[in-house]
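> In case you want the letters, here they are:
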Amino acid sequence: MEKVHQSITHHLADHAAIWEILREVVDPEIPVLTVVDMGIIRDVVQRENGIEVSITPTYTGCPAMEMIGEEIKSALTRKGYSNITIKTVLAPTWTTDWISDEAKEKLRQYGIAPPEHSTADKNSLLGKPKIVKCPQCKSEHTEMISHFGSTACKALWKCLDCKEPFDYFKCI
Amino acid sequence: MSQNKNTALLDFVTRLGDNSLIAGHRLSEWSSNGPFLEEDIGMINIALDFIGQSRILLTYAGVVEGKERTEDDFAYFRNHEEFKNALLLEQPNGDFAVSTAKQFYYSVFNFLLYSELQKSKDETLAGFAAKALKEVTYHLRHSSEWVLRLGDGTEESKMRMQKGIDDLWMYTGDLFATTEGDLLLQKEGIIPDVAALKSKWLEMIADVFKRATLTMPDVNAFQQKGSREKKHTEYLSYIVGEMQSIARVYPGAKW
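Protein sequence lines, in the order shown, are assigned to chains A and B.
Count along the first sequence from 1, add 719, and you get the number used in the working numbering.
Count along the second sequence from 1, add 2, and you get the number used in the working numbering.
Since the hints were derived computationally from the structure, they do not count as laboratory data.
Just so it is clear, the structure is predicted and the values come from calculations on it, not from any experiment.
Hints may contain errors.
[Said to hold, decoys possible] Mimicking DSSO-like on lysine-lysine, the simulated pairs with C-alpha atoms at most 30 Å apart in a straight line are: (1) B:Lys7 with A:Lys806; (2) A:Lys877 with B:Lys256; (3) B:Lys160 with A:Lys849; (4) B:Lys121 with A:Lys889; (5) B:Lys256 with A:Lys792; (6) B:Lys233 with B:Lys7; (7) A:Lys849 with A:Lys877; (8) A:Lys806 with B:Lys160; (9) B:Lys86 with B:Lys232; (10) A:Lys849 with B:Lys212; (11) A:Lys792 with B:Lys233; (12) B:Lys202 with A:Lys889; (13) A:Lys889 with B:Lys212; (14) B:Lys212 with A:Lys806; (15) B:Lys123 with A:Lys806; (16) A:Lys806 with B:Lys202; (17) A:Lys806 with B:Lys69; (18) A:Lys823 with A:Lys798; (19) B:Lys123 with B:Lys202; (20) A:Lys849 with B:Lys7.
[To be verified] Reference listing, derived: stretches of chain B covered by chain A, where coverage requires no fewer than 3 residues with Cβ under 8 Å from a Cβ of chain A: (21) 37 to 44; (22) 52 to 60; (23) 132 to 141.
[Unchecked claim] Over 10 Å on every C-beta distance to chain B, these chain A residues come out as not near it, computed from the model: (24) Asp733; (25) Glu743; (26) Asp746; (27) Val751; (28) Val764; (29) Glu767; (30) Trp817; (31) Glu821; (32) Lys852; (33) Cys881.
Ideal placement from N, C-alpha and C gives every residue a C-beta, glycine not left out.
Starting from the given sequences, assemble the full structure and let the hints guide the process.
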């Protein structure tokens with residue numbers, strides 16, 4: 720019994736250690752956020768012969784997903800784990816609601832306006848214009864330049880007070 | 003799963019995958035040719051969403067088929083007559099208004115289709131549709147805004163937007179074409195009744211055209227058909243030829 724107990728404790732400690740390692744893997748496009756902050760990691764399963772990490776794409780065409788998978792593998796390999804497989808899962812669908820408040824603050828400091836509203840807000844088709852605060856000067860006097868920006872997850876906005884353009888992390 | 007149902011599912015999944023692939027490839031032709039930088043980036047972003055969607059769908063087609071064909075086998079090593087995409091999507095880009103009209107017709111269709119498909123009893127299709135719906139909602143907002151801006155814009159932009167929606171009108175009916183296999187999948191709760199989406203589609207586009215001060219095309223006008231019977235317009239073979247040239251010359255090439 721004690722042996723089983725030890726094995727479980729060891730297993731759990733190992734599991735926590737894996738999550739700690741994943742917390743150091745940053746998003747290649749937004750290096751202030753880790754893959755855990757982003758809510759990309761959906762599951763970690765340890766098997767006798769290796770580890771399976773399930774990830775979910777932010778956008779179906781996000782070109783960073785393959786790199787994220789490779790970086791997870793190499794981070795775990797560096798810490799001595801082997802036989803790591805990356806599994807892509809689509810359900811439940813990734814949403815910006817999974818980005819924590821702490822992570823949103825990190826985004827703001829980095830100069831990207833974080834997703835402002837919960838996706839429960841369903842003003843999808845020609846919805847009411849959103850108020851997005853300028854990450855630089857905090858002004859609400861801003862306007863959208865384009866729904867699409869430098870990466871799939873961002874839109875391009877500009878501040879009408881400080882005149883700086885900025886990225887807005889789209890709310891999906 | 004019965005043989006018939008499996009064949010029907012393969013057909014349906016490949017059709018959606020081909021829709022996304024051809025739409026994405028066409029749209030990518032705007033890369034560096036957009037009317038201004040932000041819009042150029044916008045169109046390529048949408049193209050990227052479509053390519054991402056087609057990767058998931060064509061990978062799944064390979065799973066359903068069970069012959070170990072990959073997404074690349076489907077995209078690059080099928081001949082043009084095997085493609086199942088809707089006729090609308092292979093049409094040339096034309097000017098920005100024509101591309102906007104195409105995007106708008108297709109976005110409304112995708113929005114309605116994926117809203118229903120996310121309730122599918124097929125877990126992969128349901129998961130895919132819920133994911134794709136979020137992207138398509140952005141596409142719809144983007145294309146609707148352009149229809150409004152061009153339609154209710156200058157005399158020139160209005161004339162071009164009207165021409166765009168009129169010229170592509172006869173290819174829109176084919177989006178809703180169904181087969182006997184679709185009926186089978188519909189009964190099983192795997193796909194929605196695609197033909198039945200048309201009334202809502204007409205309602206949505208009529209609403210935007212009205213606000214854009216554009217004239218709604220004649221709903222009873224002649225419609226081209228054929229993609230469900232493997233009949234395409236001449237444009238498909240050219241786009242497939244160009245898309246596949248590198249993969250065919252250097253099979254298995256990686257970079």
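> Now, for every hint given, state plainly whether the structure supports it.
Against the structure, the hints:
Straight-line distance between C-alpha atoms of Lys7 (chain B) and Lys806 (chain A) comes to about 27 Å, which keeps the hinted pair within the 30 Å bound. With a C-alpha separation of about 39 Å, the suggested pair Lys877 (chain A) and Lys256 (chain B) falls outside the 30 Å cut-off, and the hint is violated. For the hint linking Lys160 (chain B) to Lys849 (chain A), the alpha-carbon distance of about 28 Å falls within 30 Å, and the restraint holds. The straight-line distance between the Cα atoms of Lys121 (chain B) and Lys889 (chain A) is roughly 25 Å, inside the 30 Å bound, and the hint therefore holds.
Simply put, Lys256 (chain B) and Lys792 (chain A) have alpha-carbon atoms about 20 Å apart, close enough for the 30 Å limit, and the pair holds. Restraint check for Lys233 (chain B) and Lys7 (chain B): the C-alpha separation of about 23 Å stays at or below 30 Å, so the hint holds. Using a Cα cut-off of 30 Å, the hinted pair Lys849 (chain A) and Lys877 (chain A) holds, with the two alpha carbons roughly 13 Å apart. Of the pairs offered as hints, the one joining Lys806 (chain A) and Lys160 (chain B) is violated, with about 48 Å between alpha carbons and a cut-off of 30 Å exceeded.
The suggested pairing of Lys86 (chain B) with Lys232 (chain B) holds, with an alpha-carbon distance near 6 Å, which does not exceed 30 Å. For a cut-off of 30 Å, the pair hint linking Lys849 (chain A) to Lys212 (chain B) stands: about 25 Å separates their Cα positions. For the hint pairing Lys792 (chain A) with Lys233 (chain B), the CA-to-CA distance comes to about 46 Å; that exceeds 30 Å, so the pair is violated. Restraint check: the Cα-Cα separation between Lys202 (chain B) and Lys889 (chain A) comes to about 27 Å, which is no more than 30 Å; the hinted pair holds.
For the given pair, Lys889 (chain A) sits about 29 Å from Lys212 (chain B) by alpha-carbon distance, which is consistent with the 30 Å threshold. About 47 Å separates the Cα atoms of Lys212 (chain B) and Lys806 (chain A), which puts this hinted pair outside 30 Å; it is violated. For the proposed pair Lys123 (chain B) and Lys806 (chain A), the alpha carbon gap of about 22 Å is at most 30 Å, so the pair holds. For the hint pairing Lys806 (chain A) with Lys202 (chain B), the CA-to-CA distance comes to about 37 Å; that exceeds 30 Å, so the pair is violated.
Taken as a hint, the Lys806 (chain A) and Lys69 (chain B) pair is honoured in the structure, with Cα atoms around 21 Å apart against an allowance of 30 Å. A hinted pair counts as satisfied when its Cα atoms are at most 30 Å apart, and Lys823 (chain A) with Lys798 (chain A) qualifies at roughly 29 Å. Proximity of Lys123 (chain B) to Lys202 (chain B) is assessed by CA-CA distance (about 23 Å); at most 30 Å being required, the pair is judged to hold. For the proposed pair Lys849 (chain A) and Lys7 (chain B), the alpha carbon gap of about 45 Å is over 30 Å, so the pair is violated.
Counting residues of the region 37 to 44 of chain B whose CB lies closer than 8 Å to any CB of chain A gives 4, so the stated coverage by that chain holds, three being the minimum. Beta-carbon proximity to chain A at under 8 Å applies to 6 residues in the region 52 to 60 of chain B; the threshold of 3 is reached and the given coverage holds. With a threshold of 8 Å between beta carbons, the proposed coverage of the region 132 to 141 of chain B by chain A holds, since 7 of its residues qualify and at least three are required. For Asp733 (chain A), the shortest C-beta to C-beta distance to chain B comes to about 30 Å, beyond the 10 Å cut-off, and the non-interface label holds.
Here Glu743 (chain A) stays apart from chain B, with its beta-carbon at least about 27 Å from theirs, past the 10 Å limit. Interface exclusion of Asp746 (chain A) from chain B stands, the closest Cβ pair being 17 Å apart, more than 10 Å. The Cβ of Val751 (chain A) lies farther than 10 Å from every Cβ of chain B, with a closest approach of about 22 Å, so its non-interface assignment holds. Against the 10 Å criterion, Val764 (chain A) stays outside the reach of chain B, whose nearest CB is about 18 Å from its own CB.
Annotated as non-interface, Glu767 (chain A) keeps its C-beta farther than 10 Å from every C-beta of chain B; the closest such distance is 26 Å. Listed as a non-interface residue, Trp817 (chain A) keeps its Cβ farther than 10 Å from every Cβ of chain B; the least gap is roughly 13 Å. Glu821 (chain A), annotated as away from the interface, keeps every beta carbon of chain B farther than 10 Å; the closest lies near 24 Å. The claim that Lys852 (chain A) is not at the interface with chain B holds, since no C-beta of that chain comes within 10 Å of its own (minimum 21 Å).
Separation of Cys881 (chain A) from chain B is adequate, the least Cβ-Cβ distance of about 20 Å exceeding the 10 Å criterion.
Checked against the numbered hints given earlier, this structure breaks hints 2, 8, 11, 14, 16, 20; the rest are met.
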